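With these hints in hand, go ahead and build the complete structure from the sequences.
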Amino acid sequence: MAGSGSFGISSAPGHYNIGGLELLCDSVKVHNVKVELQNGAEKLTMKDLLGWVRTNLIKERPEMFMKGDTVRPGVLVLVNDCDWELSGQLDTTLEEKDVVVFISTLHGG
Amino acid sequence: MEGADSKPVKVRGRQCCICDKRRAALKRPKTLEQICRECFYEVFEEEIHQVIVQNQLFKPGERIAIGASGGKDSTVLAYVLSELNRRHNYGLDLFLLSVDEGITGYRDDSLETVKRNEIQYRLPLKIVSYKDLYGWTMDEIVKMIGLKNNCTFCGVFRRQALDRGAALLKVDKLATGHNADDIAETVLLNILRGDIARLSRCTSIVTGEDGPIPRCKPFKYTYEKEIVMYAYFKRLDYFSTECIYSPNAYRGFAREFIKDLERMRPRAILDIIQSGEDFRISTSTKMPEQGTCERCGYISSQKWCKACVLLEGLNRGLPKLGIGRSRGLNNDHTKGAKESNGTKSFESKQCGTLDF
Numbered sequence: 001m002a003g004s005g006s007f008g009i010s011s012a013p014g015h016y017n018i019g020g021l022e023l024l025c026d027s028v029k030v031h032n033v034k035v036e037l038q039n040g041a042e043k044l045t046m047k048d049l050l051g052w053v054r055t056n057l058i059k060e061r062p063e064m065f066m067k068g069d070t071v072r073p074g075v076l077v078l079v080n081d082c083d084w085e086l087s088g089q090l091d092t093t094l095e096e097k098d099v100v101v102f103i104s105t106l107h108g109g
Numbered sequence: 001m002e003g004a005d006s007k008p009v010k011v012r013g014r015q016c017c018i019c020d021k022r023r024a025a026l027k028r029p030k031t032l033e034q035i036c037r038e039c040f041y042e043v044f045e046e047e048i049h050q051v052i053v054q055n056q057l058f059k060p061g062e063r064i065a066i067g068a069s070g071g072k073d074s075t076v077l078a079y080v081l082s083e084l085n086r087r088h089n090y091g092l093d094l095f096l097l098s099v100d101e102g103i104t105g106y107r108d109d110s111l112e113t114v115k116r117n118e119i120q121y122r123l124p125l126k127i128v129s130y131k132d133l134y135g136w137t138m139d140e141i142v143k144m145i146g147l148k149n150n151c152t153f154c155g156v157f158r159r160q161a162l163d164r165g166a167a168l169l170k171v172d173k174l175a176t177g178h179n180a181d182d183i184a185e186t187v188l189l190n191i192l193r194g195d196i197a198r199l200s201r202c203t204s205i206v207t208g209e210d211g212p213i214p215r216c217k218p219f220k221y222t223y224e225k226e227i228v229m230y231a232y233f234k235r236l237d238y239f240s241t242e243c244i245y246s247p248n249a250y251r252g253f254a255r256e257f258i259k260d261l262e263r264m265r266p267r268a269i270l271d272i273i274q275s276g277e278d279f280r281i282s283t284s285t286k287m288p289e290q291g292t293c294e295r296c297g298y299i300s301s302q303k304w305c306k307a308c309v310l311l312e313g314l315n316r317g318l319p320k321l322g323i324g325r326s327r328g329l330n331n332d333h334t335k336g337a338k339e340s341n342g343t344k345s346f347e348s349k350q351c352g353t354l355d356f
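As you go down the protein sequences, you meet chains A and B in turn.
According to UniProt numbering, the first sequence is numbered sequentially starting from 1.
According to UniProt numbering, the second sequence is numbered sequentially starting from 1.
Calculated directly from the structure, the hints in this document are not laboratory data.
Incorrect hints may have been included.
Cross-link-like lysine-lysine pairs, in silico, DSSO-like; alpha carbons within 27 Å at most [as the list claims (entries may be wrong)]:
#1 Lys126(B) / Lys47(A)
#2 Lys30(B) / Lys67(A)
#3 Lys43(A) / Lys27(B)
#4 Lys34(A) / Lys59(A)
#5 Lys47(A) / Lys30(B)
#6 Lys170(B) / Lys59(B)
#7 Lys67(A) / Lys27(B)
#8 Lys170(B) / Lys126(B)
#9 Lys97(A) / Lys27(B)
#10 Lys97(A) / Lys234(B)
#11 Lys97(A) / Lys21(B)
#12 Lys131(B) / Lys115(B)
#13 Lys148(B) / Lys27(B)
#14 Lys131(B) / Lys173(B)
Derived contacts from chain A toward chain B, CB cut-off under 7 Å, selection only [unchecked claim]:
#15 Pro73
#16 Leu76
#17 Leu86
#18 Thr105
Being a predicted model, the structure only gives us computed values, none of them experimental.
For glycine and all other residues, C-beta sits at the position ideal for the given N, C-alpha and C.
Listed below in structure tokens is the structure:
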């Protein structure tokens, strides 16, 4: 993953990986995180995770990562190496040991 | 997610709509197809091959430099071109050409990536530096002029540096990693600036055929999303950090706007390129005349090329020379009949990372 600029997270202990976006979280690329379910929720969704990441991982310039309640356009999301556009984007449900990768495409090529 | 809203989200096992065997790994923005990794590699590479063939971008025996920044686009370009060159016997000699702008903490790191690519893809690498060519690094320029017009210097210098590097390598052509998103963005910017000369040029897949070294864009129709996915799935080694000197505000807005449009309707990117192509310049519009710089011999529509004007300013301690509306040394030259539309735009160009 050297220099690929992705930022990953995995849940419980998940693994979430961020691309280029690691600069927003103290340059840490891989985060193993345990995300508590919100009161009464049965499953963790990507929507929950994004909220959690924004509060707990992003240290600066959250607008580089999110816009409204979803990722900023130009940030690609993969859940277990699969484009989240195939799994329902924000509605994608997450399970233990899932790997979520965020890759920013918004910097120079 | 057409109509999928009501169903429970158990969609992880969707099949690839091309092979119908493997699990889909991404949704193609161009076609909305859901395809697996293997089929993705195949269509991605094949489409680029078709673009190369249909537009006759290369001829057998040619020496081709790949403008390599270490970023995702040029890394994928280097990888795919060397792959296609082997697979389809293009008969090309490929080289990596990098520009060292002299930006500590940015270019020095990305050049390390290019040096690894040199070994990984077994492509000879040539690095040309601003320091050697112009006597100034970007760090030194920024120290002198601050963070206001630095991207103008960098953009003008990079364009020439690539040409000079290409000449040193004695290549026939320079291939750059500009992708469909970049081109759509540039179409919009040129419209916003009223830059008709660049608007008509920026969608061309080959430019500078009348100049010393033509440039081509094999990724003209390739979506950024697919380039990034390709690099990610193939675990290609690339560098991804924003230039430390680039506030990039104006281009940044255009970029975000394009991405917003893409989210709503991915075809929008190709449609903007199409719109750019279909604009016709009326014959009454005066276009800049191409000549050569009296000082260094580089192509220029003015007495001195832009790089020489900027350098003169730096060396005389007048860094504003060549920036903004007053055109310093070339002032008298542009009056009257030679007044042109195309020359003002350099000054307003925010960031030179993409030069067309």
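Quick rundown of the hints versus the structure:
With a C-alpha separation of about 46 Å, the suggested pairing of Lys126(B) with Lys47(A) is violated against the 27 Å cut-off. The suggested pairing of Lys30(B) with Lys67(A) holds, with an alpha-carbon distance near 24 Å, which does not exceed 27 Å. About 25 Å separates the Cα atoms of Lys43(A) and Lys27(B), which keeps this hinted pair within 27 Å; it holds. Taking the CA atoms of Lys34(A) and Lys59(A), the gap is about 18 Å. The hint holds against a cut of 27 Å.
Taken as a hint, the Lys47(A) and Lys30(B) pair is honoured in the structure, with Cα atoms around 26 Å apart against an allowance of 27 Å. With a C-alpha separation of about 15 Å, the suggested pair Lys170(B) and Lys59(B) falls inside the 27 Å cut-off, and the hint holds. At most 27 Å may separate the alpha-carbon atoms for a hinted pair to count; Lys67(A) and Lys27(B) meet this at roughly 21 Å. With a C-alpha separation of about 11 Å, the suggested pair Lys170(B) and Lys126(B) falls inside the 27 Å cut-off, and the hint holds.
Simply put, Lys97(A) and Lys27(B) have alpha-carbon atoms about 24 Å apart, close enough for the 27 Å limit, and the pair holds. The suggested pairing of Lys97(A) with Lys234(B) holds, with an alpha-carbon distance near 22 Å, which does not exceed 27 Å. For the suggested pair Lys97(A) and Lys21(B), the alpha carbons sit about 25 Å apart, so the restraint of at most 27 Å is met. Annotation: proposed proximity of Lys131(B) to Lys115(B) holds, straight-line Cα distance about 19 Å (limit 27 Å).
Using a Cα cut-off of 27 Å, the hinted pair Lys148(B) and Lys27(B) is violated, with the two alpha carbons roughly 40 Å apart. The suggested pairing of Lys131(B) with Lys173(B) holds, with an alpha-carbon distance near 24 Å, which does not exceed 27 Å. Hint status for Pro73(A) relative to chain B: holds, with the closest Cβ pair at about 3 Å, below 7 Å. Checking Leu76(A) against chain B: minimum C-beta separation of about 6 Å stays under 7 Å; hint holds.
Below 7 Å, beta-carbon pairs count as interface contacts, and Leu86(A) has one with chain B at about 6 Å; its hint therefore holds. Among the interface hints, the one on Thr105(A) holds; its C-beta lies about 5 Å from the nearest C-beta in chain B, closer than the 7 Å criterion.
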